[in-house]
Each structure stands twice: as C-alpha cells, then as structure tokens.
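In order, the protein sequences belong to chains A and B. Residue 345 in this note's numbering is what sits at position 254 of the first sequence, and the numbering runs on without skipping anything. Residue 295 in this note's numbering is what sits at position 118 of the second sequence, and the numbering runs on without skipping anything.
These are calculated hints, taken from the structure and not from any lab test. Accuracy of the hints is not assured; some may be wrong.
Claimed, not checked - Here are some, though not all, of the chain B residues that point toward chain A, as calculated from beta-carbon distances under 8 Å:
hint	residue
1	Arg274
2	Gly289
3	Leu298
4	Tyr301
5	Gly304
6	Arg307
7	Phe321
8	His325
9	Asp402
To be verified - A few chain A positions that, by computed beta-carbon distances, are all more than 10 Å from chain B:
hint	residue
10	Leu100
11	Leu160
12	Pro169
13	Arg227
14	Pro279
15	Met314
16	Ser368
17	Thr390
Where is the CB? At the ideal position from N, CA and C, for every residue including glycine.
So the chains spell out like this:
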Amino acid sequence: MTCWLNRQLNILDYTITSLLRRWWKNLSLIFIYSVLVFVIGSVMFFTRAMQREAKLILADAPDLVIQRLVAGRHDPIPLARAEKIRSIRGVSAVSPRLWGYYFDRINGANYTLQGADDRGLLPGDIDIGAGIARSRKIEAGDIFSLTDSNAIPQVFQVRKLFDAASDLLTVDLMIMPTEDFQSFFDFPADRATDFAVSVRNPREIATVAGKIVELFPDSRPIMKDEILRTYASIFDWRGGMMIVMVAMAVLAFVIFAWDRASGLSAAERHEIGILKSIGWDTGDVLSLKFWEGAVISLTAFLAGILAAYAHIFLMPAPFFSHALKGWAVLYPSFRLTPYVDFSQVAVLFILTVLPYLAATIVPSWLAASVDPDAAMRS
Amino acid sequence: MIQTIDVTKIFNRGAANEFASVRGVTLGVTAGEALIIKGPSGSGKTSLLSLMGCMSRPTSGRIRINDPDLAVKLGAELGASLEIATLPERFLTLIRRQMFGFVFQQFNLVRGISALENVMLPMYPTGEHRSAIRKRAEELIAEFGVAHRATVRVELLSGGEQQRIAIARALVNRPKVIIADEPTAHLDTGLSREFLEIAAALKTSGTTLIIASHDPLVCQAPFVDRVEEIRDGLLVRPGSAG
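So that you can see chain A by itself, here it is in the shape it has in the complex (with noise of 0.2 Å):
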C-alpha cells in the first residue's frame, strides 16, 4: 500500500512538474475549459433558479381568480359579489384583493402595488420589496413619496422591507393599508382588482368556475392550472434558449476534447517512448496522463462552476438577463436566490470531467501501449 502511494505522489509529482513546463500551453487550456464550463453552469443556475422562484410564486396562487371584463378588457369587480360567490356550494373562502402597477418615472422601474389590511399598516405606512429600496436608496423608516393618479406626491413612511426567500417574489412589491390604495388611484371603494376563490376540492374548480360564470356572465375565471400552464410555457421557452446555449457550449467542449484527443504530438509520443524505455509501464503512463487530465479539469471545472455561480447569484447574471428575464427593461433589478441543485453540478462533472479526462487518457493509451522501441523511433 505505501508502495503504491509513493509510486502515485511520485508520478504526481512528475506530474506537476511536467505542467508547469508548459504553463502557458496548459494555462490558456484551463481558461478555455473554465469558459466553457462557466457558460453551461450559469445556464443550470440561472434555469434551476428562476424555475424556484416560479415554484415558490405558484405555491400560494390562489384555486380560482375571478376578473370581470368590460367591452373584453378587465375592469374592477365589485365587491357585493363576493357573497354570492361565496354561497355557492365547494367554495371554501373568497378574498378581494386590490392591486395595480405603478410607473416609478425616477427609476424608470414597474413597482407592483397591492391594498391590504391583515398586515397592520397604519395610514400613510407602506411595505416595500428590496429591489425598491436598492433603487431608491430607502430603509425602514425612511420617508417615501409617489405620484398619485392625480399627479399629487404622496409621502409614506416604509414601515419593513420584505425578508421573502424569493426576491423575485417581493422585489418590486408595495403593500399599503386599503383605504391609501383607494385614494392613491382613486380607486371605487365598492370595488376590488379581482377575487381570489378558493375551492375545497380541486377537482371541483372548472365546476364553480362554470357555476360562477353562469351567476355572473361578464366575468372571467382563471383557475390555478392556467396559471401554471401559462408558467410553463414562459419556462418552456426560455428552457428552449437554454437548451439552445447548453448544446453550443456542449458542442464547442465536444471539439475542444476531440481536439485533445487527437492532438498527442510527436514530442509527448516520444516523451512516452522515452519513460517507456526507462522502466516505465503503460499504467505508470496511464497514471501521468491521469492526474494530467485531473488536474487541468478539476482546477477548470471549480474555477468555472465558481464564477458561473458569482455570475448568477452574486450579480445580477449580467449576461443573461436582458436575454432571459424577458421583463428586465421595466422590472427593477432582482438578485436570484442562491439555490445549486447539486445532482445538476454532478451531471455537469460527468459531462465534462470525464469526457476530457477520457479524451487525455485514450491517445495516451495507444502511444504507450506499443514497444518503447516504436514509440521512441515515432
């Protein structure tokens, strides 16, 4: 066992020794392979969160949305029609709810605005997310204006900032008390934005959406499967994009690893032939060219997976994110939540640690396993 130990740190050794005499060679090797990892690790990040993120959203989307459309287009609904809605036989609770967009003209930003009274907002306080107090330069406590629909500034105090395991959840959110939301958009107070209905048995949720729809005709149900669906599909076509980026970058590695594997030049033949002649054997060969390979993809691979998760996590995924947030000309900047699914970085090590290492050891393999004789006159 020591035998075998020091046969291996010896031939590491020799191995480090023989990569630092090509540094420049190996060095230039390691940066492309960290690129390329890079490129399909922030990929598997970026998709593994913003999936999160949606499944996070979903989690607490409501059975059924009842919208009341005017002329087709959504209108607010009024509030006597929860009641109604609430008699009818399966529905377990109906909440209005009050909410709208504003245009934040400083920032150039879309804030989401939301009325609400279970949270204990005193007049004139307001909950915001952490996009809009990054972009405003605001903390709790602080006083903050916006622009009613009147064109008249409004102050609030920001009571907390929301502590969500989802930024993109609460990043562009305002909360305040309902009767501030009805004034700030001179807003019916006999109206509510939609109703969110909750149905005891989800099977019966297309039956009281039919049911409601016959009570009520110009209104409009969503229910939770839609709304998962029309997630799906914003996911779907960005996972089309990933798919798109990750087989280019699988391809450019497929050549970069061929290129090594066809790329054993007469001097490392020789070199081989040369140890070969010395009292080297095919495995000790074998073992070089491994920890050769190791090395080199080891030290890629955590450099890339490390910059592809700062890329992603600890900026805002710089060069991704016009291209598949999809919204981030209006939406205020977002920070994903950190989130590694570590059977992904697995399958990433698999699908381009071994293929080099294979790509290293092969060609090495059929140099080394002529006679020393062939591979020294080669």
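Add chain B to chain A, keeping to what the hints say.
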C-alpha cells in the same frame, strides 16, 4: 546472461515498406562482459540492442535472460532462465527497470525539467519514497561531477553534461547491464574518452556493457572483451553465441 537465438525483427510487416532490420541473429553476452556491436548506419545495431534490452519483441526467434535475482523478483514459476519474447508487457517493463540502464544516441533526456529530475525519473515507478530517490540521484550526479548543474534544465546543459546526466539516469536503478547506442556519435574526442573512462569503471565494478558503435575509439578501447559486426541485419561472424 543474455542470449539471442536466431532472432529476426521485421518492421511494417505485410506492408509495401516492409523491411527486416535483424535477420536470424544468434548472439550471447555473459555477465560482466563488455560487448561492442559495430556496423554502419542502418545495419540493425539499434534494433538488436532494443531486442536485447527488452524494448521490443522479435518477429521470430528467442531471447533468453539468465539471472537468478531477476527470476526471484518476477516469481519462481518463470524459472531462472526467462524467455522474454513471450512475457507479458508488465514483466518486460520490470526487467527493463531492474536489469537494464539505457544510454541513447541522442541521450533522450526529457526536456523542460531539471537534470536532477531526469535522473530521478526511472525510480518514480519503483514506489520508493521521494526523499530516497532524490538522495540516490544526487549521489550519482555528484559522482559524475555535475552536482552544480543539478537544478538546471537539461536543454541548457553542454553535450558532455547531458551525456553524464544520461549515464547517471541509466545507473540510478543499479542495473546489471548498461546498453549504450552510439554513445560517442555526437561527442568530440575529449568527451568520447571521458565516456570510455566511465564505461571502463563500470566494467571494473562488474556491470555488463553492450555498446553499439562504429567509432574506432570505442571498438579499440582496452576494456572491450569482444567486438561483433553486423551488416544488413546479419552478423558478419556468425556462431559466436555465448
């Protein structure tokens, strides 16, 4: 100690450029002997040395190595006399490592690494501790008077220094046989004489020497026991097997 029996080596067999570099050579060398194989370029000297040093296998014929120590190391079932043409590659490697030290015509040092590391290289697969390997290599380098050049990359050494490093590398595993292929081909007379002094000292210490050369300085050296001539792959004076 080493005996070739009717050995033939054919390259590119079956191809249009097939040629036989060694043809039916029967030759022997005894322990402690200094044998010179002389002949012009392309006569088959290097191929014969490769065959005797277990660097390649013959196309036909047999090569026997008779060494009790080696037989013990390889396993008693193989017997005292090893028929190397049929041995698996790992045994050939072990024989090369234990039995032979090679000094090549172009020295074949590994470029880009230091002289000391070049000398240490053959010992890496032995499993000895690195400090022991380094100590042994440093001793040899000092013995050949190039200790002050130990950390210098080999391509920066002079021809004479490279030659001494190549000999030190050949000796690091304490081989019983030194095989040298045209060792003075690229050396001036002074350096050639220096090599011959080292070779004579090795012979005195009991090392078997097999040297391929057509340099008269080598062929006529006082320590040489026997000179065999090869031409077009054939021994010129056949029937001298030991």
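Hint check:
Taking 8 Å as the C-beta contact cut-off toward chain A, the hint placing Arg274 (chain B) at the interface holds, the least distance being around 3 Å. Taking 8 Å as the C-beta contact cut-off toward chain A, the hint placing Gly289 (chain B) at the interface holds, the least distance being around 3 Å. Below 8 Å, beta-carbon pairs count as interface contacts, and Leu298 (chain B) has one with chain A at about 6 Å; its hint therefore holds. Annotation: interface hint on Tyr301 (chain B) holds; nearest CB of chain A at approximately 4 Å, less than 8 Å.
Checking Gly304 (chain B) against chain A by beta carbon gives a least distance of about 3 Å; that is within 8 Å, so the hint holds. Annotation: Arg307 (chain B) was flagged as interfacial toward chain A, and the flag holds, the nearest CB pair being 6 Å apart, inside 8 Å. With a least beta-carbon distance of about 17 Å to chain A, the hint placing Phe321 (chain B) at the interface is violated under the 8 Å criterion. Contact between His325 (chain B) and chain A, as hinted, is not supported at the beta carbon level, the nearest pair being about 21 Å apart and thus beyond 8 Å.
The interface hint given for Asp402 (chain B) is broken, as the beta carbon of that residue sits about 25 Å from the closest beta carbon of chain A, more than 8 Å. With a closest Cβ-Cβ approach of about 7 Å to chain B, Leu100 (chain A) is found to fall inside the 10 Å limit, against its non-interface label. Even its closest Cβ contact with chain B, about 77 Å, leaves Leu160 (chain A) beyond 10 Å, as expected for a residue assigned away from the interface. Non-interface call for Pro169 (chain A) relative to chain B: holds, since the shortest CB-CB distance, roughly 84 Å, exceeds 10 Å.
For Arg227 (chain A), the requirement that its beta carbon stay farther than 10 Å from each beta carbon of chain B is met, with the minimum near 60 Å. The claim that Pro279 (chain A) lies off the interface holds: its Cβ sits roughly 83 Å from the closest Cβ of chain B, which is beyond the 10 Å cut-off. For Met314 (chain A), the shortest C-beta to C-beta distance to chain B comes to about 70 Å, beyond the 10 Å cut-off, and the non-interface label holds. Interface exclusion of Ser368 (chain A) from chain B breaks down, the closest Cβ pair being 6 Å apart, not more than 10 Å.
Distance check for Thr390 (chain A) against chain B: the nearest CB is about 20 Å away, which clears 10 Å, and the non-interface claim stands.
Consistency note: the structure conflicts with the earlier hints numbered 7, 8, 9, 10, 16.
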